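Engineer: What follows is each chain in one-letter form.
There are 2 protein chains.
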Amino acid sequence: MSESDELGGKGRFYLDDLAVGRRFTTATHVIDAEQIKAFAGQFDPQPFHLDDEKAKGTLFAGLAASGWHTAAITMRLMVETGLPLAGGILGAGGEIAWPQPTRPGDTLQVESEVLEITPSRSRPDRGVAVIRSLTRNQKNEVVQSLTSKLIVPRRPG
Amino acid sequence: MSESDELGGKGRFYLDDLAVGRRFTTATHVIDAEQIKAFAGQFDPQPFHLDDEKAKGTLFAGLAASGWHTAAITMRLMVETGLPLAGGILGAGGEIAWPQPTRPGDTLQVESEVLEITPSRSRPDRGVAVIRSLTRNQKNEVVQSLTSKLIVPRRPG
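For the record, the sequence lines run as chains A and B. Mapped onto this note's numbering, the consecutive letters of the first sequence carry residue numbers 189 to 345. Mapped onto this note's numbering, the consecutive letters of the second sequence carry residue numbers 189 to 345.
No wet-lab data here; the hints were simulated from the structure. Bear in mind the structure is a predicted one, so any value in this text is a computation, not a measurement. There may be inaccurate statements among the hints.
If several chains are the same, the list does not tell them apart, and a pair holds so long as it fits within one copy or across any two.
List time: in silico PhoX-like cross-link candidates among lysine-lysine, alpha-carbon distance up to 25 Å [stated by the list, open to error]:
#	residue 1	residue 2
1	Lys242	Lys337
2	Lys327	Lys244
3	Lys337	Lys244
4	Lys225	Lys337
Bound-form chain A, shown alone (with noise of 0.2 Å):
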């Protein structure tokens, strides 16, 4: 971890730093067949996420990674290249939807749009913003929308 990587370093956003309409944009992932099994063998062992020719008569009509493998990637993308918050991303929880799926071979990218900024009454030194980020694949159908509660801390002095 270099130094402008450690929470609260310099290109950090406080809450403060926020403001709602702000976007921010990751760096891409490619995910592969490989992958894909990989992460279902381990949390989501279903014939869809692990097996190309028993995908193929489900609803999927093919192999798709898990829900959670491309929540996992977003989540990847916005910690090294997506949203520099001061303290982290720190989530309280969200709202997840899938429209389509993740396949082998997508190219993955996030885009961050804060919708709102609330500080916290009870505690000076923190606040709430509500994030979308919408991960879309190469084709730019969105994969995973998703709208999380994040704890963000105010800026110190």
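Could you slot chain B onto chain A? The hints should help.
Structural biologist: Leaving out everything else, chain B in the frame of chain A:
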């Protein structure tokens, strides 16, 4: 995968077999620091998920699992022992919250309850079940609440 584990196999629930209020309970999973750091290294590389010492100075006040790791373990428990749906567990999305951190040494278990059952109007072969799945630790604290919309096939014929 044994014959009884095949999607649509014996003992699996079609939409028609579900009833509002029906509950399903999984086996347990013990999470440790090694698992927490391995998942975080791959998908959520932040100090509070990676480093015991650095985690002390953060909002988590100690090492905690990525919320997406808790979600992934929850999924594995449901797929293997918790929610035997015909067609598998196939989510269109849902709401997720992490009211308490998942800690090293926690024993996790998931209880799911059927909240709503809605046959599709346009697709007579399927419907949507809304399922609330609470993941609890050994102190009976809820570490994750997930309300999912699942696509469930109708009983054929």
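Engineer: Give a verdict on every hint.
Structural biologist: Quick rundown of the hints versus the structure:
Taking identical chains as interchangeable, the C-alpha atoms of Lys242 and Lys337 lie at most 25 Å apart only when they sit on different chains, with a minimum of 23 Å there against 37 Å within one chain. Taking the closest pair of Cα atoms, Lys327 and Lys244 come within 25 Å of each other only inside a single copy of the chain (22 Å); across copies the shortest separation is 42 Å, beyond that limit. For a Cα distance limit of 25 Å, the shortest separation of Lys337 from Lys244 across copies, 22 Å, qualifies, whereas the shortest one inside one copy, 37 Å, does not. For the homomeric pair Lys225 and Lys337, the shortest alpha-carbon distance between copies (23 Å) is at most 25 Å, but the shortest distance inside one copy (30 Å) is not.
The structure shown violates none of the earlier numbered hints.
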